[in-house]
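Residue numbers (my numbering), protein chains in the order written: chain A, 1 to 407; chain B, 408 to 635.
These are calculated hints, taken from the structure and not from any lab test.
Errors might be hidden in some of the hints.
Here are the simulated SDA-like cross-link-like pairs (lysine to any residue), alpha carbons at most 20 Å apart as the crow flies [claimed, not checked]:
id	chain 1	residue 1	chain 2	residue 2
1	A	LYS307	B	GLU511
2	A	LYS307	B	GLU618
3	B	LYS521	A	VAL312
4	A	LYS134	A	GLU164
5	A	LYS394	B	ASP483
6	B	LYS428	B	ALA415
7	A	LYS394	A	MET289
8	B	LYS428	A	TYR43
9	A	LYS307	B	SER482
10	A	LYS307	B	LEU489
11	B	LYS633	B	GLU511
12	B	LYS524	A	LEU6
13	A	LYS307	B	ILE504
14	A	LYS307	B	ASP483
15	A	LYS307	B	LEU491
16	A	LYS313	A	ILE386
17	B	LYS521	A	ARG310
18	A	LYS307	B	VAL522
19	A	LYS313	B	LYS480
20	A	LYS313	B	ILE504
21	B	LYS428	B	PRO448
22	B	LYS428	A	GLU402
23	A	LYS394	A	ILE291
24	B	LYS521	A	ALA7
25	B	LYS414	B	ASP631
26	A	LYS307	B	LYS480
27	B	LYS480	B	LEU491
28	A	LYS307	B	SER493
29	A	LYS313	B	ILE472
30	B	LYS414	B	ILE472
31	B	LYS595	B	ASP631
32	B	LYS428	B	ASP464
33	A	LYS307	B	LYS485
34	B	LYS480	B	ILE504
Just so you have them, the derived chain B footprint on chain A, three or more residues with Cβ under 8 Å [to be verified]:
id	segment
35	2-11
36	394-403
Derived DEER-like restraints, expressed as beta-carbon distance ranges [to be verified]:
id	chain 1	residue 1	chain 2	residue 2	range
37	B	LEU528	A	ARG16	32 to 38 Å
38	B	LYS594	A	ARG16	43 to 49 Å
39	B	PRO505	A	LYS313	17 to 23 Å
40	A	GLY268	B	PRO505	43 to 49 Å
Idealized CB from N, CA, C, for every residue including glycine.
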Amino acid sequence: MGDFLLAWRNIWRNTRRSVLTILAIVFATSLLVFMLSFQFGAYDDMIDSSVRLSTGHLQIQAQGYQDRPNIRKVIENPNRLLAMVTRLAGVEDASIRSETFALAAGPERSRGIMITGVIPDNETGISSLPGQIKSGRYLLNEDSGVAVIGSLAAKRLQIDIGDECTLLGQGRDGSVAATIIRIVGLYRTGIDEFDRTTMQIPLSDFDSVFSMAGGAHRLVMIADHLADAGRIATAVRPAPEATGLAVLTWDQLSPGLKQSIKLDLVGGIIMYAILVIVVAFSILNTFFMAIFERTREFGVLMSIGTKPMRLVKLMLLESMAMTSIGLVTGTILGIAVTLIFSHYGISMGDSGELMAQYGIADRLYPHLSLASVTIGPVIIAVVTFITALVPAMKIPRMRPVEAMRAC
Amino acid sequence: MPIVEVKAVSKIYHQGKIIFKALDNVSLSIGKGEFTALAGPSGSGKTTLLNLIGGLDLPDSGKVILEGHDYRKMSDGKRADLRLESIGFVFQSYNLIPVLTAAENVEYILRLQKVNKPERLERVRAILDEVGLQGRHNSRPDELSGGQQQRVAVARAIVSNPSVVLADEPTANLDSKTGEKLLDLMKKMNEERQVTFIFATHDRMVMDFAERIISLHDGKVADDQKKR
Numbered sequence: 001m002g003d004f005l006l007a008w009r010n011i012w013r014n015t016r017r018s019v020l021t022i023l024a025i026v027f028a029t030s031l032l033v034f035m036l037s038f039q040f041g042a043y044d045d046m047i048d049s050s051v052r053l054s055t056g057h058l059q060i061q062a063q064g065y066q067d068r069p070n071i072r073k074v075i076e077n078p079n080r081l082l083a084m085v086t087r088l089a090g091v092e093d094a095s096i097r098s099e100t101f102a103l104a105a106g107p108e109r110s111r112g113i114m115i116t117g118v119i120p121d122n123e124t125g126i127s128s129l130p131g132q133i134k135s136g137r138y139l140l141n142e143d144s145g146v147a148v149i150g151s152l153a154a155k156r157l158q159i160d161i162g163d164e165c166t167l168l169g170q171g172r173d174g175s176v177a178a179t180i181i182r183i184v185g186l187y188r189t190g191i192d193e194f195d196r197t198t199m200q201i202p203l204s205d206f207d208s209v210f211s212m213a214g215g216a217h218r219l220v221m222i223a224d225h226l227a228d229a230g231r232i233a234t235a236v237r238p239a240p241e242a243t244g245l246a247v248l249t250w251d252q253l254s255p256g257l258k259q260s261i262k263l264d265l266v267g268g269i270i271m272y273a274i275l276v277i278v279v280a281f282s283i284l285n286t287f288f289m290a291i292f293e294r295t296r297e298f299g300v301l302m303s304i305g306t307k308p309m310r311l312v313k314l315m316l317l318e319s320m321a322m323t324s325i326g327l328v329t330g331t332i333l334g335i336a337v338t339l340i341f342s343h344y345g346i347s348m349g350d351s352g353e354l355m356a357q358y359g360i361a362d363r364l365y366p367h368l369s370l371a372s373v374t375i376g377p378v379i380i381a382v383v384t385f386i387t388a389l390v391p392a393m394k395i396p397r398m399r400p401v402e403a404m405r406a407c
Numbered sequence: 408m409p410i411v412e413v414k415a416v417s418k419i420y421h422q423g424k425i426i427f428k429a430l431d432n433v434s435l436s437i438g439k440g441e442f443t444a445l446a447g448p449s450g451s452g453k454t455t456l457l458n459l460i461g462g463l464d465l466p467d468s469g470k471v472i473l474e475g476h477d478y479r480k481m482s483d484g485k486r487a488d489l490r491l492e493s494i495g496f497v498f499q500s501y502n503l504i505p506v507l508t509a510a511e512n513v514e515y516i517l518r519l520q521k522v523n524k525p526e527r528l529e530r531v532r533a534i535l536d537e538v539g540l541q542g543r544h545n546s547r548p549d550e551l552s553g554g555q556q557q558r559v560a561v562a563r564a565i566v567s568n569p570s571v572v573l574a575d576e577p578t579a580n581l582d583s584k585t586g587e588k589l590l591d592l593m594k595k596m597n598e599e600r601q602v603t604f605i606f607a608t609h610d611r612m613v614m615d616f617a618e619r620i621i622s623l624h625d626g627k628v629a630d631d632q633k634k635r
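Just chain B, same shape as in the assembly (with noise of 0.2 Å):
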């Protein structure tokens, strides 16, 4: 059963008076545990298509349904909880919160998710461990390098067990080295925690990594390639 399906989906943004069609009648679907990437050009659709998927925005027309819940059914605080609940994002950014340690990072999602101290501070230091910071778990973003910080993004995003990762051109920031040794991480959390990764990237390292590579122009899927 996939655990994403997107159905016939279109998208439309409206810029003045240009209107512009970021997605057009898309349909794919993504197996548990796969390791995809969303690939194309920039202004081809991935990072709309990623967002619809993570549903921080909805399809003008389609469907898109995680985990069997269709989005367009659901309320923006429902849709917030299985956010919450199901999904992590790794951001081109990383997108720490800069006045919390690595830690109080990974931490924040334990704690929206209510998960008692104890077992949080416990979580919160394997992830940590697992993800290759051990000793930095107190320093705050700013005292991290790049690679690092992109951990505890990794670190928060599957500290709170998801069934799937959607990851924005998480490599883009970093040297190809670091990059390298990051998708290494999210691969290993793959394999062994069955985590479904969904990139969007024009990354050629994040395609080699990739199982299954799903290719968009202009809004459309042009090609869906797996590996094996």
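Chain A with its partners taken away, still in its complex shape (with noise of 0.2 Å):
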């Protein structure tokens, strides 16, 4: 009979009032677990489907491009570059893109358009968009006076797989910049801003219509996950091939991502924090409940030579045995709503076209991960140990006398 199974046993001396209260936690675990997971997949979800599909993970720039775009801020030996970061543990794919607006006119009409440059076979490694061709094909390594574009842009300008399109720009050198090229796919990625307003041409044809002289704009680079991004940016940084360049991660790329990923996460916190008060409250009763009901007997029990704080310890045990019950149970559970939602999904509703915005489907699927599983229930067991600890601490202030006084 060690203290242990006298806590244990005290435990279900009141068996409804300890069932509520492993039932809270329980509860409040698994909401944490899957809510945690849940949140954590659809941040991932973001901003794996962003940097896929615009950004990459990381990018190198010259000084300033990011803050104002220029056509005259470029990289200048960029193939250099490419084969250096490439060789980089954690870099998964990367590749070379120049951009710059320009004017497209079809038969009829004429709208100004953003123009990337890319490298197809590379693209296919670090963009979403080779996947989201809706008519007619991606650009191949071997094309030239080709481009694919936006289907929301092609319709503006009235034009279609196999039509011709004229674009007319600026060089990097000031000259003036004008080619024909023929449409041979068109891609839809949800994005209407996006869909709207890009076009893709082969690097090469970039170089030479838009005079870049082999210069580029970005290196784009897909880490193998995501937590790389700020190790590899530290890699890159010191290299020779890098000097007077800038490394930028995912989210100074996109700030606006990062914002809105925080400021979901603070939403998250408050209701998640009211969650754990709620669960605190109840431990606090059901223990300040325990003390009033017992405090005859702890007046026996130090009369008859049990120390103050070894009935703490019994309090504290009888607190963590309870947490520990639904701190397992909780656990379980939310791993276990956690990977049906994972298999099956969770659909956005009216969120979707919000969702769409970041490239992110209309259904989200929970990622269970170590932080997921792990956050919400050791908030909970601190917060209910230091809850336990608060009505355990009267005992050592009561005399047995008095205590044995009490109904």
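Got two chains here, each in a separate frame; can you build the complex from them with the hints?
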């Protein structure tokens, strides 16, 4: 009959109250595990979708290009840099892009458009765009004089697959840049703004049409894991090939995305804090009631020689035993629910359109991770321990004689 | 040499603005192996005196000395240790731990004393058999009669081999027949083990069993009679 056994039996003195307390912990734990998995999963999806559609996990650019893009701010020797970064551990794929605004003209209409020069074969590894061709085909490395264009842009220009389009802009050297390209594919990403204003052509064509003289605007990298981005950036910055260039991670490239994640996280944290406080009050109530009900018993135990701190330890053991049951059950339940939804996904309903702005599907899939499984239970364990400590610390202040007079 | 010495002890309680003098300059000494009753009507101060002898409370003035230890010079922790090693308590309402069996209740004291498990189990079995609870070792308090619960309480008080057992109205909740059997048991232990028993009581039967009766009235010793 050790202290743990005594604590265990004490828990079941008031079965209903203990079960309700444990259920509160189970509910809070499972909800935290599921919600954190859902939130972290959604963030991963948002970031992954966004970086794969446009920015990549990291980019190398000329200094100042991110804030004030200009065709003359270029990476002078991008191929040497590309060879260097592809050798780095943690870099899954990399490629070079150049971009500029130009006037695109169809037979009837003309519109301003963002033209991006890409290396087609490399682009498949760093971007989801080649997989979002709605009709026609994506660019090939051997292509010349062709382009793929956003479906909405094509509609506005009243052009389709096989039609020609005239591009008119300004070259890096200030000269007039003009060419005629033939449309070979239309893409639809779900992001209307992107689909309405962008076009891709082979980088070799871009280089000659816009007199880039081998320069490029962005070296885009995809990391093996999102978490590797910072480490890769740190590795690239001191390299001689990157001297004078800016190395930017996804959160610097898409500050709006990071801010929206932060905002969402803050909202989540407030909700979780309320949840944990409710559980804390439940524990607090249970233990204050236990202390009041057992004051006389504590007086007797102290009178026969039990040290008050041993009784405090007993109360904390009771708390931790109840908490442990709640945490283990809640974590298992949370994991089970998360696994079910990670298989079937959760429909975002009307929010789907909003999510599409970040290139995210209308179903979100929670991702179990060590963080999502441990953060909630650890917070609840700490809070319940502290909460149980508050009433338990009344015991050392009890005088045996007065305690034994309690009803 | 007395095992308990009470020297000029006073104890005052404050109930709001009312001051109640529970003990007023009480002095007495109790020797080893005595079977003594502190008698008196309600409010006479007998339970207060018992609590002071047990080190559960401290006097406002005067000294209480148990086995040469002056409680006023001891910390709460040291007094708790002294209670654990030297004093057994028997309460009016038995006050067993409800979630523990009879054997576990008795064993609890020995666990506090850090007695090893084989010795604990042997001593628990022996004392429960001695108090007549064969076959009830694994019963919870709510499965035992009042008399049986009080026997467990006596076993708990005795199992640690204390010098003194303090019993506060131990027969008050028992019928006379059961109370007499319990007193027989405690008397037997007093004689066989030379354990000092001090009762706070107004039960005539307890006083009949007692060898010495210290009568308290309004917080003062009114009479101190030894039968032999």
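Results for each hint:
Distance check on the hinted pair: A/LYS307 and B/GLU511 sit about 18 Å apart at the alpha-carbon level, within 20 Å; holds. In summary, the hint linking A/LYS307 to B/GLU618 is not supported, as the alpha carbons are separated by about 34 Å, beyond the 20 Å threshold. Among the hinted pairs, B/LYS521 with A/VAL312 is consistent with the structure: their alpha-carbon atoms are about 19 Å apart, no more than 20 Å. Between A/LYS134 and A/GLU164 the alpha-carbon distance is near 18 Å, which keeps this suggested pair within the 20 Å criterion.
At roughly 16 Å between alpha-carbon atoms, A/LYS394 and B/ASP483 fall within 20 Å of each other, so this suggested pair holds. Restraint check for B/LYS428 and B/ALA415: the C-alpha separation of about 14 Å stays at or below 20 Å, so the hint holds. Note on A/LYS394 and A/MET289: the hinted pairing holds, with a Cα-Cα distance of about 12 Å set against a maximum of 20 Å. For the hint pairing B/LYS428 with A/TYR43, the CA-to-CA distance comes to about 72 Å; that exceeds 20 Å, so the pair is violated.
Restraint check for A/LYS307 and B/SER482: the C-alpha separation of about 12 Å stays at or below 20 Å, so the hint holds. For the proposed pair A/LYS307 and B/LEU489, the alpha carbon gap of about 11 Å is at most 20 Å, so the pair holds. Under the criterion of a C-alpha separation no larger than 20 Å, the hint pairing B/LYS633 with B/GLU511 is inconsistent with the structure, at around 38 Å. Distance hint between B/LYS524 and A/LEU6 is fulfilled; the C-alpha atoms sit about 16 Å from each other, no more than 20 Å.
Between A/LYS307 and B/ILE504 the CA atoms are separated by roughly 16 Å; this keeps the pair inside 20 Å, and the hint holds. At most 20 Å may separate the alpha-carbon atoms for a hinted pair to count; A/LYS307 and B/ASP483 meet this at roughly 9 Å. Taking the CA atoms of A/LYS307 and B/LEU491, the gap is near 10 Å; set against the 20 Å cutoff, the hint holds. A C-alpha spacing of about 13 Å is found between A/LYS313 and A/ILE386, which places the hinted pair at or below 20 Å, so the restraint holds.
The straight-line distance between the Cα atoms of B/LYS521 and A/ARG310 is roughly 13 Å, inside the 20 Å bound, and the hint therefore holds. Between A/LYS307 and B/VAL522, the direct Cα distance comes to roughly 17 Å. Compliance with the 20 Å bound is thereby established for this hinted pair. Note on A/LYS313 and B/LYS480: the hinted pairing is violated, with a Cα-Cα distance of about 27 Å set against a maximum of 20 Å. A distance of roughly 17 Å separates the Cα atoms of A/LYS313 and B/ILE504; the hinted pair therefore holds under the 20 Å criterion.
Taken as a hint, the B/LYS428 and B/PRO448 pair is honoured in the structure, with Cα atoms around 15 Å apart against an allowance of 20 Å. Pair hint B/LYS428 plus A/GLU402 holds up; C-alpha atoms about 17 Å apart against a cutoff of 20 Å. For the hint pairing A/LYS394 with A/ILE291, the CA-to-CA distance comes to about 8 Å; that is within 20 Å, so the pair holds. Distance restraint check for B/LYS521 and A/ALA7: the Cα-Cα separation of roughly 19 Å lies within the 20 Å cut-off, and the hinted pair is therefore satisfied.
At most 20 Å may separate the alpha-carbon atoms for a hinted pair to count; B/LYS414 and B/ASP631 meet this at roughly 15 Å. Proximity of A/LYS307 to B/LYS480 is assessed by CA-CA distance (about 18 Å); at most 20 Å being required, the pair is judged to hold. At roughly 18 Å between alpha-carbon atoms, B/LYS480 and B/LEU491 fall within 20 Å of each other, so this suggested pair holds. As the CA atoms of A/LYS307 and B/SER493 are separated by approximately 15 Å, the hinted pair is consistent with the 20 Å bound.
With a CA separation close to 31 Å, the supplied pair A/LYS313 and B/ILE472 exceeds the 20 Å bound. Under the criterion of a C-alpha separation no larger than 20 Å, the hint pairing B/LYS414 with B/ILE472 is consistent with the structure, at around 8 Å. The suggested pairing of B/LYS595 with B/ASP631 is violated, with an alpha-carbon distance near 23 Å, which exceeds 20 Å. Among the hinted pairs, B/LYS428 with B/ASP464 is consistent with the structure: their alpha-carbon atoms are about 15 Å apart, no more than 20 Å.
As the CA atoms of A/LYS307 and B/LYS485 are separated by approximately 10 Å, the hinted pair is consistent with the 20 Å bound. For the suggested pair B/LYS480 and B/ILE504, the alpha carbons sit about 31 Å apart, so the restraint of at most 20 Å is broken. Counting residues of the segment 2-11 of chain A whose CB falls under 8 Å from any CB of chain B gives 4; the rule of at least 3 is met. Only when three residues or more bring their CB closer than 8 Å to a CB of chain B does the claim for the segment 394-403 of chain A stand; here the count is 3, and the claim holds.
Range check, B/LEU528 to A/ARG16: about 35 Å between beta-carbon atoms, so the 32 to 38 Å window is met. Separation of B/LYS594 from A/ARG16 is about 45 Å and conforms to the stated range, judged on CB atoms against 43 to 49 Å. Between B/PRO505 and A/LYS313, the C-beta spacing of about 20 Å keeps the proposed range 17 to 23 Å intact. For A/GLY268 and B/PRO505, the Cβ-Cβ distance of about 44 Å falls inside the hinted range of 43 to 49 Å, so the restraint holds.
Going through the hint list in order, the structure does not satisfy hints 2, 8, 11, 19, 29, 31 and 34.
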